Amino acid sequence: MKHLYETVADTVIAHIEQGVYKPGEKLPGVRKLSQQLHVSISTALEAYRLLEDSGRIQARLRSGYYVSGFRRQAIVEPDISDAPVTPAKVTGQSLTRQILRAAKDPYQINLGSSVPHADFLPTHALQQATGKVARTFGKRCFDADELLGSQELRRQIAKRMVELQCADSPDDIVVTHGAREAVRLALMAICEPGDLIAIESPTFYGLLQVIESCGMEALEIPTHPRDGLSLDALQMAIEQWPIKACLLVSNYNNPLGSCMSDQRKQALVALLEQHQIPLVEDDVYGDLGFGLRRPSVCKAWSRNGQVLYCNSFAKTLSPGLRVGWLVPGRYMAQVENLKYMKHQAVPTLNQLIVAHLLEQGGYDRYLRHVRQEYARNIALTVKAVSQYFPEGTRVTQPEGGFALWVELPTGVDAMELHRRASRENVIIAPGPLFSATQQKYGNFIRLSCAVPWNDRVENALSRIGSMVADAVAGRLWNY
Numbered sequence: 001m002k003h004l005y006e007t008v009a010d011t012v013i014a015h016i017e018q019g020v021y022k023p024g025e026k027l028p029g030v031r032k033l034s035q036q037l038h039v040s041i042s043t044a045l046e047a048y049r050l051l052e053d054s055g056r057i058q059a060r061l062r063s064g065y066y067v068s069g070f071r072r073q074a075i076v077e078p079d080i081s082d083a084p085v086t087p088a089k090v091t092g093q094s095l096t097r098q099i100l101r102a103a104k105d106p107y108q109i110n111l112g113s114s115v116p117h118a119d120f121l122p123t124h125a126l127q128q129a130t131g132k133v134a135r136t137f138g139k140r141c142f143d144a145d146e147l148l149g150s151q152e153l154r155r156q157i158a159k160r161m162v163e164l165q166c167a168d169s170p171d172d173i174v175v176t177h178g179a180r181e182a183v184r185l186a187l188m189a190i191c192e193p194g195d196l197i198a199i200e201s202p203t204f205y206g207l208l209q210v211i212e213s214c215g216m217e218a219l220e221i222p223t224h225p226r227d228g229l230s231l232d233a234l235q236m237a238i239e240q241w242p243i244k245a246c247l248l249v250s251n252y253n254n255p256l257g258s259c260m261s262d263q264r265k266q267a268l269v270a271l272l273e274q275h276q277i278p279l280v281e282d283d284v285y286g287d288l289g290f291g292l293r294r295p296s297v298c299k300a301w302s303r304n305g306q307v308l309y310c311n312s313f314a315k316t317l318s319p320g321l322r323v324g325w326l327v328p329g330r331y332m333a334q335v336e337n338l339k340y341m342k343h344q345a346v347p348t349l350n351q352l353i354v355a356h357l358l359e360q361g362g363y364d365r366y367l368r369h370v371r372q373e374y375a376r377n378i379a380l381t382v383k384a385v386s387q388y389f390p391e392g393t394r395v396t397q398p399e400g401g402f403a404l405w406v407e408l409p410t411g412v413d414a415m416e417l418h419r420r421a422s423r424e425n426v427i428i429a430p431g432p433l434f435s436a437t438q439q440k441y442g443n444f445i446r447l448s449c450a451v452p453w454n455d456r457v458e459n460a461l462s463r464i465g466s467m468v469a470d471a472v473a474g475r476l477w478n479y
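End of the sequence shown sits at 479 in full-length UniProt numbering; the numbers just go up one at a time, nothing left out.
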């Protein structure tokens with residue numbers, strides 16, 4: 001059931017989308033809004049705060065509230081992927097690593113990274129938290145903590161899981177070295193080498209690397225840029241192939257940015273539980289939505305503990321802290337054994353820093369700011385693609401995260417485009433990296449919007465657009 005302030009916020013959004021209030025225009029004051037909609041001043045204020053948190057409006061000191069200066073572009077988005085549903089051994093990841101190494105040059109404009117630029121990280125808050133934790137905990141910061149994670153951090157994570165309608169206690173949580181270790185532990189707990197894992201297609205190459213490292217095979221399931229993984233295709237795949245687990249990013253998938261609705265998440269969990277197939281849910285982008293409410297998680301719909309929930313603070317607080325977590329459900333004993341046999345504890349200091357920011361509200365304050373930045377960057381990048389890329393280009397417009405999936409006109413070779421762009425010190429992620437065999441998505445690229453927007457970035461997008469136009473026109477790439 002919605003709160004009254006959420007209904008008020010929905011009304012304001014409807015007015016914005018109908019053009020009653022345009023980007024940059026001032027909104028009615030809190031008192032006037034309360035009079036217009038016949039609600040209390042506190043309800044009107046709470047609605048504006050919710051809209052501000054989502055990036056829809058901006059508060060200006062001593063001036064009031066204004067509509068944010070971005071809106072959806074009227075351009076065509078890519079259609080659902082047409083990935084053939086056949087098992088495949090994950091290959092070509094050495095090429096992925098080679099491309100990622102080449103992107104480390106600080107002089108390059110890196111539009112291909114899945115890691116936020118340092119300018120988007122809460123550096124000052126992290127510095128303050130580090131000092132506070134060091135003074136409070138002293139020597140303990142540098143001692144080894146429990147292998148499964150510090151009690152302080154696990155308590156804070158458990159509170160956030162309750163907010164996601166997941167009744168998990170601190171003892172149900174395993175702290176990991178980021179989300180990849182969480183996913184690896186989850187897969188190793190429920191599968192054996194050679195087992196078949198159903199994944200979204202396209203999917204993040206980091207997850208493909210984990211599957212490869214575990215010696216497992218991938219079954220790519222067609223995925224829609226908005227609705228997420230095709231449940232019909234998954235149903236047919238389950239009937240045809242011996243799927244042992246399903247692995248997906250339920251909220252703002254990388255690279256598509258898709259986010260499954262509550263209804264589809266519930267249906268997915270029911271389908272997998274019917275066939276006794278565990279689900280490994282990666283939710284690293286769930287906190288980066290631009291909507292009024294954080295999206296739900298698949299785990300909230302599970303009734304038998306078959307959803308293994310993975311998350312991390314690498315895409316938000318800091319990739320360098322390497323703090324993630326896993327809620328393995330009924331597979332806790334297997335995960336605990338694997339953790340003791342093959343994995344090390346996360347540094348205590350890092351865990352205590354994150355726990356402090358969660359407890360004191362620093363994490364949520366940071367999210368309110370960075371969501372607006374990513375929403376703005378996505379809008380600016382989509383606008384640039386529509387302006388500089390040739391006719392026939394399609395681009396997603398996600399409601400969260402910081403990745404854009406761009407479909408180039410037929411015949412444009414994304415791998416060659418990557419090579420040409422890198423010679424001009426511009427890095428993009430070519431589409432084949434997001435397929436198990438690297439034989440799909442030959443005319444797609446992923447662009448990262450987690451880089452500070454400036455003239456250099458816009459010029460880089462203009463140059464890439466010119467290269468694509470040359471390829472479409474049949475002109476030689478003499479770069």
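Careful: at least some of the hints might be erroneous.
[Said to hold, decoys possible] Calculated cross-link-like contacts (lysine-lysine; reagent style DSSO-like; alpha-carbon spacing at most 30 Å): (1) Lys2 to Lys32; (2) Lys132 to Lys2; (3) Lys244 to Lys132; (4) Lys26 to Lys244; (5) Lys2 to Lys26; (6) Lys159 to Lys139; (7) Lys383 to Lys89; (8) Lys139 to Lys342; (9) Lys22 to Lys32; (10) Lys440 to Lys26; (11) Lys132 to Lys89; (12) Lys383 to Lys440; (13) Lys2 to Lys22; (14) Lys22 to Lys383; (15) Lys89 to Lys440; (16) Lys342 to Lys159; (17) Lys89 to Lys244.
If you are wondering where the hints come from, they were derived from the structure by calculation, not from laboratory data.
Note that the coordinates shown come from a computational prediction; the quantities given were computed from them, not determined experimentally.
Each hint tested on the structure:
Pair hint lysine 2 plus lysine 32 holds up; C-alpha atoms about 23 Å apart against a cutoff of 30 Å. Using a Cα cut-off of 30 Å, the hinted pair lysine 132 and lysine 2 is violated, with the two alpha carbons roughly 38 Å apart. With a C-alpha separation of about 45 Å, the suggested pair lysine 244 and lysine 132 falls outside the 30 Å cut-off, and the hint is violated. Distance check on the hinted pair: lysine 26 and lysine 244 sit about 54 Å apart at the alpha-carbon level, beyond 30 Å; violated.
Of the supplied pair hints, the one linking lysine 2 and lysine 26 holds, its CA atoms being roughly 26 Å apart against a limit of 30 Å. At most 30 Å may separate the alpha-carbon atoms for a hinted pair to count; lysine 159 and lysine 139 meet this at roughly 27 Å. Distance hint between lysine 383 and lysine 89 is unfulfilled; the C-alpha atoms sit about 38 Å from each other, more than 30 Å. Proposed proximity of lysine 139 and lysine 342 is supported: the alpha carbons are some 26 Å apart, at most 30 Å.
Restraint check for lysine 22 and lysine 32: the C-alpha separation of about 18 Å stays at or below 30 Å, so the hint holds. With a CA separation close to 47 Å, the supplied pair lysine 440 and lysine 26 exceeds the 30 Å bound. For the hint pairing lysine 132 with lysine 89, the CA-to-CA distance comes to about 48 Å; that exceeds 30 Å, so the pair is violated. About 26 Å separates the Cα atoms of lysine 383 and lysine 440, which keeps this hinted pair within 30 Å; it holds.
For the suggested pair lysine 2 and lysine 22, the alpha carbons sit about 26 Å apart, so the restraint of at most 30 Å is met. Restraint check: the Cα-Cα separation between lysine 22 and lysine 383 comes to about 17 Å, which is no more than 30 Å; the hinted pair holds. About 14 Å separates the Cα atoms of lysine 89 and lysine 440, which keeps this hinted pair within 30 Å; it holds. Taking the CA atoms of lysine 342 and lysine 159, the gap is near 28 Å; set against the 30 Å cutoff, the hint holds.
Among the hinted pairs, lysine 89 with lysine 244 is consistent with the structure: their alpha-carbon atoms are about 15 Å apart, no more than 30 Å.
Of the numbered hints listed earlier, those contradicted by the structure are 2, 3, 4, 7, 10 and 11.
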